[in-house]
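Quick note, the sequences are listed as chains A and B, same order. Our numbering applies: residue 1 is where the first sequence begins, and numbers increase by one. Our numbering applies: residue 166 is where the second sequence begins, and numbers increase by one.
Keep in mind that the hints were calculated from the coordinates and are not lab data. Each residue gets a CB set at the ideal place from its N, CA and C atoms; glycine is no exception. Be careful, since some hints might not be right.
[Claimed, not checked] A few chain B residues that face chain A, going by a derived Cβ cut-off under 7 Å, partial list only:
1) Val174
2) Ala186
3) Ala189
4) Asn190
5) Ile217
6) Ala221
7) Thr254
8) Val256
9) Phe261
10) Arg268
11) Met315
[What the hints assert, rightly or not] Subject to a maximum C-alpha distance of 20 Å in a straight line, what follows is the list of computed SDA-like cross-link-like pairs (lysine to any residue):
12) A:Lys55 x A:Tyr76
13) B:Lys215 x A:Tyr76
14) B:Lys176 x A:Leu154
15) B:Lys209 x B:Asn224
16) B:Lys209 x A:Ala122
17) A:Lys55 x B:Lys209
18) B:Lys215 x A:Lys100
19) B:Lys209 x A:Leu27
20) B:Lys215 x A:Leu34
21) B:Lys176 x A:Lys96
22) B:Lys215 x A:Met78
23) A:Lys96 x B:Arg314
24) A:Lys100 x B:Lys209
25) A:Lys55 x B:Lys176
26) A:Lys55 x B:Arg181
27) B:Lys215 x A:Lys96
28) B:Lys192 x A:Leu34
[Said to hold, decoys possible] Distance ranges between label pairs, derived from CB positions:
29) B:Val174 x A:Ser52: 32 to 38 Å
30) B:Arg242 x A:Ala133: 47 to 53 Å
31) A:Ala40 x B:Gly198: 30 to 36 Å
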Amino acid sequence: MNIQSAKTTGNSDLITLDDIDHAIIDLLRADGRLPYRALARELELTEATVRSRVKRLEESGTMRVVAVTDIEAAGYQMLLAIGVQIEDRSPSEVAKDLAKIPEIFSVNVVVGTHDVEILVVAEDLDALNALQAKVLSTVPGIRRLTASLALDVLKNQPDWVPFHD
Amino acid sequence: MTRQRLDDVDKAIVERLSRDARTANRKIAHDLGVTEGTVRARIKRMQEEKLIRITAVTNIDRFRDAALAYIWIEVERSHQTQAVAEALTEVPELGFVGVMLGRSDILAITMVRSTEHLAEFVHNNISGVEGVRRTQSTLGVNFIKHDYRMARIVS
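Generate the whole structure from the sequences, applying the supplied hints.
In structure tokens form, the structure reads like this:
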């Protein structure tokens, strides 16, 4: 099987990561605002070294330190996993159209019963209805949507994500 | 479990931090026309109230031969759903664990290297959890989008 992931744009050079890089990533995963001084102390390195390491990780498109907003705090009450069946169009093309919709925060072309799996957030039932009627149903190639509503999300911290910009 | 919403200043700060969370408070304060103390206090409050989480994310493109796998889990009895889901949150490889209504009782998402790896992962980490009746997996072939700025912050 040919497994590939979405290509990033920009200077996404593949750099080789050593133990220090991995240690920096681990520390910044736990606390992204950890000052360079504290990172340096923790790793027994100079602040300048740590700064240049972080810079290299960022500029090579390997790592980013970002703020993640809680879905509920952003005003979204509902999260759904929706399987999309497609006809008369390539799944990748439909997936790219779906990726443009902000409420669809995850899009994957898959093999199985469905052709594309998406994760969707909605403010409430009315917003979900509008999304389905005015947005999803207008994307060409979608034959059927099979939804599953998340009642409780116990964990949502993927470390692996595609970078887009 | 309604959480407090973010006001306009909060949103402006988060917008900056969602692009680069290592931007200095001083710079954010200057750009937004508020004091550095306001920025510091707002970030601290949003973190403490679990409205935002500041973290490092790594680029999946670095991991060649990696594919996303959706694992749909059915439990033996409905009342076991929560306990099974809680047990699964302890599996470090899982980036998403949700109790679902429809399609399956639980959805878990992870990264795998191959179909063999997926089978081995499910066998070693999921099938053996007490209360799991059966699983069905969907393997991703092309990871088009994942907006890392959106997540459910639980810990």
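Status of the hints after comparison with the structure:
no.	hint	result
1	Val174	violated, 14 Å
2	Ala186	holds, 5 Å
3	Ala189	violated, 10 Å
4	Asn190	violated, 9 Å
5	Ile217	holds, 5 Å
6	Ala221	holds, 4 Å
7	Thr254	holds, 5 Å
8	Val256	violated, 9 Å
9	Phe261	holds, 5 Å
10	Arg268	holds, 4 Å
11	Met315	holds, 5 Å
12	A:Lys55 x A:Tyr76	violated, 34 Å
13	B:Lys215 x A:Tyr76	holds, 15 Å
14	B:Lys176 x A:Leu154	violated, 25 Å
15	B:Lys209 x B:Asn224	violated, 27 Å
16	B:Lys209 x A:Ala122	violated, 27 Å
17	A:Lys55 x B:Lys209	violated, 25 Å
18	B:Lys215 x A:Lys100	violated, 28 Å
19	B:Lys209 x A:Leu27	holds, 18 Å
20	B:Lys215 x A:Leu34	holds, 17 Å
21	B:Lys176 x A:Lys96	violated, 27 Å
22	B:Lys215 x A:Met78	holds, 18 Å
23	A:Lys96 x B:Arg314	holds, 19 Å
24	A:Lys100 x B:Lys209	violated, 32 Å
25	A:Lys55 x B:Lys176	violated, 26 Å
26	A:Lys55 x B:Arg181	holds, 18 Å
27	B:Lys215 x A:Lys96	violated, 32 Å
28	B:Lys192 x A:Leu34	holds, 17 Å
29	B:Val174 x A:Ser52: 32 to 38 Å	holds, 33 Å
30	B:Arg242 x A:Ala133: 47 to 53 Å	violated, 37 Å
31	A:Ala40 x B:Gly198: 30 to 36 Å	holds, 33 Å
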